[in-house]
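S.K.: Hints in hand, dock the two standalone chains.
What follows is the residue order along each chain.
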Amino acid sequence: MGAKSVNVEVKSNVVKSPSGISVIWREIVKDKIALISLIFLVLVTAFVYGVSLVLDQKEIVKVDLFSIYEPPNDEFILGTDYGGRDVFGQLIIGTRNSLSIAILVTVMTGVIGIVYGLVSGYFGGHIDNIMMRILDFFMILPFTMIVIAFVAIIPKYSVWTFSLIMTAFLWMGLARLVRSRTLAEKELDYIQAAKTLGTSNIKIIFKHVLPNVSSLIIVSMTLSLAGNIGLESGLSFLGFGFPENTPSLGTLLSYARNPQVLEHRWWIWVPASVMILLLMLCVNNVGTALRRATDARQRRG
Amino acid sequence: MAEKLLEIQNLKTSFRIRDDYFAAVDDVTLTVNKNEVLAIVGESGCGKSALAFSIMGLHNRAKIEGNILFKDEDIANIAPSKLNKLRGNKMGMIFQDPLTALNPLMEIGDQIGEALLLHNKELSKSKRKERVIELLNKVGIPRPEYVYEQFPHELSGGMRQRVIIAIAIANKPDLLIADEPTTALDVTIQSQILDLIKDLKDEMDSGIVLITHDLGVVAEMADRVAVMYAGQIVELADVDTLFEEPLHPYTRSLFNSIPNTAEKQDKLHVIQGIVPSLQNLPREGCRFAPRIPWIDNSAHEAHPELHEVKPGHFVRCTCYKHFSFPEHSKEEQQHGVS
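Sequences listed follow chains A and B, in order.
Numbered as in my numbering, the first sequence ends at 301 without a single skipped number.
Numbered as in my numbering, the second sequence ends at 1338 without a single skipped number.
With the rest of the complex left out, here is chain B (with noise of 0.2 Å):
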């Protein structure tokens, strides 16, 4: 069995809006084990960049409960300056746009070197120019020693994209977490970043967490996923499992959004309703029972809870069982939008 790196136990990120506080990131739990890619998937607004910054430290006033155990120290509750001794030592994070992510008035050469200044205080200068001019090297960046001296406005996205890798892999960290990391860039950019992604994580031996809503991409580089819907973890399983044996609802609608080339489609499938916002979320019962109101109140659990339905493949509720797609489900939606 793989060896544990990052547990998480019973998270729950809540923020403050006007005197309450709303659960964006509501009871997940998870692992990720050493030398392996969780990808985290879901649409737009379910948690996913919460879990992300919960797992950084990075929000600011947000009511954390639960334990983040990595490497079996709790994370979660811990002092801001030993936090820092962590992040970015062996923790790294690769964010969303690489067009804000970068300080636009420092050098490269600087950005990637003050991750290594911080945490080697006695690398000497040279040193860590060196080491900065390998990072460099080794996310694939023409000409480094004059890409250490040039300025973010300097580079295109994609360079962006990697100089920000390579800060993120500059301590050679146990966990990586990459939020969206190829949301910003296009097609043929984004298949060369995955692939640096995936041979870094084979050199250095660490386990990844991938925050994507491409499903292309996540049967690209996943080991393992899970599947996110209004904060909760609503599918588990590995990746073969899940794009061939999809079970709950959600996962199953996802898949069916998804353009199909091989057989000729008039309409997409789309998912009724919307995500629901933060406040008028349903807190009790299966929530993702409004956006499929034909099936029968009785299928879902009163409090549903995560079911191991095979080893390693984990479904929250019962409804999955009772679940089919609408006759002319083309037609109805057409009716149920407009």
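Extracted from the complex, chain A is given alone in its bound form (with noise of 0.2 Å):
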């Protein structure tokens, strides 16, 4: 009877180890700018989603001849382009199109990414010669060269065919951390000891290596949201992203590229440059406090 009401104080008095999400969490608040980016984040993506439901891409990127040029006013908030076109509008689906090519190229390159790397890593020797030489191969093909023959060829431009091409030349870098990662992991005893319990090689490399690689992949990742967005503007802004009937954040800063427009119609692109600065910083502020939440010496919450 004594023992056991020992134990039960003893229970009630331990604390349980944070879990992972807390941690990034408690990292986060204490990085005052990595929250407020953050909070910016939610707010731009929930306010960008949300106002895209109503308005009408076809309505904004008609046409008006009757309203070109128009500075900002009570009608167009951020005035007009030479086509008559709502610039306000326009940033608001632009943004929404970049934000949904960043997050589907990202997901997209991080699953073939991790798996390739996985597999690769695991299993080492040919397979891992042959893979790596495959991805070799991929690496040395000129990006934006074969984006540029892509975009010629393909008559019909949407998000997703867009985030297929850029996916497909850009998970080569995260299935490398991943396989370097995987190499070093595979090696350790408790990878063995999975062996020796007749786990199968598939549970083996998803249920003990994937989670032991994660913190690597989050903060890659959440890094390579950053990169991307700004990659689909600067291929749109050079006039090999979305035609002007798809408003990106790139398209816009693209009719800057008149210079009339340039010197003296700045609500046409100060926005949208504004809008990608601001996007890539925050996602940039956030990527690094979760890299520091996932190496504990760095942490400071």
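Honestly, I wouldn't trust all of these hints.
The calculated lysine-lysine pairs, modelled on BS3-like cross-linking and capped at a C-alpha distance of 25 Å, are [to be verified]:
hint, chain 1, residue 1, chain 2, residue 2
1, B, 1321, A, 203
2, B, 1129, B, 1071
3, A, 207, B, 1082
4, B, 1085, B, 1034
5, B, 1063, B, 1085
6, B, 1082, A, 186
7, B, 1034, B, 1082
8, B, 1129, A, 207
9, B, 1090, A, 207
10, B, 1198, A, 186
11, B, 1121, A, 203
12, A, 207, B, 1198
13, B, 1198, A, 203
14, B, 1090, B, 1172
15, A, 156, A, 58
16, A, 203, B, 1129
17, B, 1090, A, 203
18, B, 1082, B, 1121
19, B, 1138, A, 186
20, B, 1034, B, 1138
21, B, 1310, B, 1004
22, A, 207, B, 1085
23, B, 1121, B, 1138
24, B, 1198, B, 1034
25, B, 1004, B, 1090
26, B, 1125, A, 207
27, B, 1034, B, 1004
28, A, 156, A, 62
29, B, 1090, B, 1121
30, B, 1121, A, 207
31, B, 1172, A, 203
32, B, 1071, B, 1004
33, B, 1012, A, 203
34, B, 1063, B, 1012
35, B, 1085, B, 1121
36, B, 1129, B, 1172
37, B, 1138, B, 1127
38, A, 203, B, 1082
Hints listed in this document are in silico derivations from the structure and should not be mistaken for laboratory results.
M.R.: Right, here's the structure in full:
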């Protein structure tokens, strides 16, 4: 009886070790810049996706010759472009499209890169050799040139096709990263121990190896999300992204290629530029906070 | 006569170094019976662990020749899916380092439960938890309900080793391979863990292969002992015979190297030289000959084989008949080393 009551008392005193999510949360809250960035990101995302539900894309991209190049006024909050189209509406739809592409590309490159890297690293030997040579082949392909070629080939562009093209040439970095960590991880005893239990290779890969490289994956995917926003804008700016009837942050920016617009009609390109800057900066801030959370020596929280 | 559980016949495990294969385990023939502890002793790098990994089929890129019969089924050349049915179910393994042998991101309960789940699909979740807690109790972990939800880093080394043992015995295996189970633990925990393994053996009636370099552990635990040197078994005997009457020069040198508190010794006996690396291993003649250079070459056999000197007592090579420690071994070694 006495022993039992002691046990109960001890139990109530022990603190469960913090879960991964609570560590990340604490780190973000401690880092004020990261917290503001996260709030901003959530607000922008919610606003953009919410508003675009009620906005009609066709209506916004319709040319209206009576209201060309109008500066910001009561009717058009951010003015109009050379086709008389509302810049504010384009900005919202453009941000939605750019974010969608960045998220889609990040998720798809993530899935391909993780599976490729895990399989290559775990099995090693000849499989690893062959898979890594294929990866090397993709690495040496000139990304920009090939995307330009695809733009010329594919007649109708959508968020999906554009994401797929980008994904095809962006998965290699994560695959390499995951492979290198898997190579180290699979040599540890607990993998051998799992084998002695009769666990199959597939189960070991996804149940034992994957969780142990997950911190690396989360951080690297968050940081590449920022890169993908920039990459999409860059391609669209060069004219190899979306056509004008599908606005993105990059297409808005590309109006600035006209020196007239650049000099006298700031309301067309400045909001998109600021939006790109803010989005990339915020994602990066959250990403670095995540990175600190995964490394106990760098934590602030 | 005891029932044979594991029979290793002419096992040869070779590793590829550059373009050649080198045998780390060379022509090993062994049997393990039910309810018996077979100890395998030898220096680091003599092939003890390579042997254990061969039995469990853990080598990725090694060439394995010979047969490993587990309950009359050859597991050396078996399909991986069939082997997976045996591993964790009929065969269990205890690893050397409790710090790395547990998945750092999985709760203890899940890790033990995994072994149960893999081999007993119809066990319900609550039954499984019950069984895990029972196992934790069995290996002597206090407050098992609480430890069930803990992560490996929250436990001490000894506790972790108990968890590893609990995983290994989860399905009551017939064969348990313990690869230096106490090397990473301090002495007080060591004896507790050894007692635990011994109790479990009696309870489950299983055969245990105990791999160690600690002769004290051997004396306490083993029924029979195989002494390995450079991939070969040089002496095989039951534990009393071996400790009373060691024959092979290597076994005798090993015993001679143990510090003795009863007699006053200034210097410890040291076996000359080091274990040769895999590539430089002499494949012809007696492999221990280079380390006892004062014994004449004619004393060794050209192709050393295991001789049965007494029923159940095997010794390799004939050099044991002519072996003695040199007269002024201490001084000689001083000069030999420097």
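S.K.: Now tell me if each hint is right for this structure.
M.R.: Here is how each hint holds up against the structure:
1. 1321(B) <-> 203(A): violated, 54 Å
2. 1129(B) <-> 1071(B): Between residue 1129(B) and residue 1071(B) the Cα gap is close to 31 Å, so the pair fails against 25 Å, i.e. violated.
3. 207(A) <-> 1082(B): holds, 21 Å
4. 1085(B) <-> 1034(B): Judged against 25 Å, a Cα distance of about 20 Å means the pair holds.
5. 1063(B) <-> 1085(B): Given pair residue 1063(B), residue 1085(B) holds - Cα atoms ~22 Å apart, limit 25 Å.
6. 1082(B) <-> 186(A): The given pair, whose Cα atoms are some 22 Å apart, holds under the 25 Å limit.
7. 1034(B) <-> 1082(B): holds, 22 Å
8. 1129(B) <-> 207(A): holds, 19 Å
9. 1090(B) <-> 207(A): Holds, at roughly 23 Å.
10. 1198(B) <-> 186(A): violated, 31 Å
11. 1121(B) <-> 203(A): holds, 15 Å
12. 207(A) <-> 1198(B): Between residue 207(A) and residue 1198(B) the Cα gap is close to 33 Å, so the pair fails against 25 Å, i.e. violated.
13. 1198(B) <-> 203(A): violated, 32 Å
14. 1090(B) <-> 1172(B): At roughly 7 Å apart (the allowed maximum being 25 Å), residue 1172(B) and residue 1090(B) satisfy the hint.
15. 156(A) <-> 58(A): holds, 16 Å
16. 203(A) <-> 1129(B): holds, 21 Å
17. 1090(B) <-> 203(A): Status holds; Cα separation ~20 Å.
18. 1082(B) <-> 1121(B): holds, 16 Å
19. 1138(B) <-> 186(A): Roughly 30 Å between the alpha carbons, so the hint for residue 1138(B) and residue 186(A) is violated.
20. 1034(B) <-> 1138(B): Satisfied, since the Cα-Cα distance of roughly 21 Å is no more than 25 Å.
21. 1310(B) <-> 1004(B): holds, 21 Å
22. 207(A) <-> 1085(B): holds, 19 Å
23. 1121(B) <-> 1138(B): holds, 23 Å
24. 1198(B) <-> 1034(B): holds, 13 Å
25. 1004(B) <-> 1090(B): Distance ~14 Å between residue 1004(B) and residue 1090(B) Cα, so the pair holds.
26. 1125(B) <-> 207(A): Answer holds: residue 1125(B) to residue 207(A) is near 18 Å, not above 25 Å.
27. 1034(B) <-> 1004(B): Distance of about 6 Å is within 25 Å: holds.
28. 156(A) <-> 62(A): holds, 18 Å
29. 1090(B) <-> 1121(B): holds, 16 Å
30. 1121(B) <-> 207(A): Answer holds: residue 1121(B) to residue 207(A) is near 17 Å, not above 25 Å.
31. 1172(B) <-> 203(A): Given pair residue 1172(B), residue 203(A) holds - Cα atoms ~23 Å apart, limit 25 Å.
32. 1071(B) <-> 1004(B): Holds: residue 1071(B) and residue 1004(B) sit about 7 Å apart, inside 25 Å.
33. 1012(B) <-> 203(A): violated, 30 Å
34. 1063(B) <-> 1012(B): holds, 8 Å
35. 1085(B) <-> 1121(B): Holds, at roughly 12 Å.
36. 1129(B) <-> 1172(B): Distance ~16 Å between residue 1129(B) and residue 1172(B) Cα, so the pair holds.
37. 1138(B) <-> 1127(B): Status holds; Cα separation ~16 Å.
38. 203(A) <-> 1082(B): Given pair residue 203(A), residue 1082(B) holds - Cα atoms ~16 Å apart, limit 25 Å.
Hint compliance for this structure: hints 1, 2, 10, 12, 13, 19, 33 are not met, and every other hint is.
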